[in-house]
Amino acid sequence: MKAVPRCDLLTPQQNVIYPTNSLNFLKNVHNQGGAHEASNVRNGSEKVSKPLRLNVIIVGAGLGGLASAVALRLHGHEVTVLEQAPALAEVGID
Amino acid sequence: MLTVIKVGAGIQIPPNSSRLLHDWGLGPRLDAAAVHPGAMILRRWEDGKAIGLTDVGPKFRSMFHAPYYVIHRANFHEILHARARELGVDLRLGSKVEAYDANAPSVTLEDGQVLTADLIVAADGEIVGCPEY
Chain A
13 MKAVPRCDLL TPQQNVIYPT NSLNFLKNVH NQGGAHEASN VRNGSEKVSK PLRLNVIIVG
73 AGLGGLASAV ALRLHGHEVT VLEQAPALAE VGID
Chain X
504 MLTVIKVGAG IQIPPNSSRL LHDWGLGPRL DAAAVHPGAM ILRRWEDGKA IGLTDVGPKF
564 RSMFHAPYYV IHRANFHEIL HARARELGVD LRLGSKVEAY DANAPSVTLE DGQVLTADLI
624 VAADGEIVGC PEY
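So the sequence lines, in the order shown, correspond to chains A and X. Using the working numbering, read the first sequence as starting at 13 and increasing by one per residue. Using the working numbering, read the second sequence as starting at 504 and increasing by one per residue.
What the hints contain is simulated information worked out from the structure, not anything from laboratory work. For every residue, glycine included, the Cβ atom is placed at its ideal position computed from N, Cα and C. Be aware that a few hints might be false.
[To be verified] Partial selection, computed: residues in chain X whose CB lies under 8 Å from chain A:
1) Val-507
2) Pro-517
3) Ala-625
[As the list claims (entries may be wrong)] Going by beta-carbon spacing under 8 Å, a handful of chain A positions derived as facing chain X:
4) Leu-75
5) Leu-86
6) Val-91
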């Protein structure tokens, strides 16, 4: 059986610092959301937390990438999809 | 002579998934492009006798408030593509990602362009693509 061609992107990834900035970012978003709710309850204020608007890059315009793009757009985020193919055609796992 | 050729994969979309897709505004397109199976029949290997049946017809649809679809992969892809375009997704073809930087976070394209974002979703498949973080 032919070996699965693990991508060469795997090897040059040196020194990833954990948690990564992506993970920290998500954690902060989560914590801020929680804090907003807590202060609203405490003060009884009318303050409405601003809807979060993220810039998101999606790599791959397959079913998963496009579905993610649609869902994220409908939640108001800015979405860029990067696809290596020069045109969209049927691809897939057989 | 009858020739059987492969035309690609079919994808099953049960109601828990189709309900989401309907929420995304894909209902009319899916209704038009998908197959609406009436039932799934289990048969004995020896003689083809039906030994089990799951009705996935209209009753099933009303019970789960969403249909059971079977759709060709290419049709499903085109439907998602059309909806993404409609919603103003910035789709860039011919843009091959050469490297990920999880700490930035950023991606580097083949032509050397570096793109950063708040969040990067690696939807580039399970064989080639982004390492796990």
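Evaluation of the provided hints:
no. : hint    : in the structure
1   : Val-507 : 15 Å, violated
2   : Pro-517 : 15 Å, violated
3   : Ala-625 : 5 Å, holds
4   : Leu-75  : 6 Å, holds
5   : Leu-86  : 6 Å, holds
6   : Val-91  : 5 Å, holds
Hints 1, 2 from the list above are not met by this structure, while the remaining hints are.
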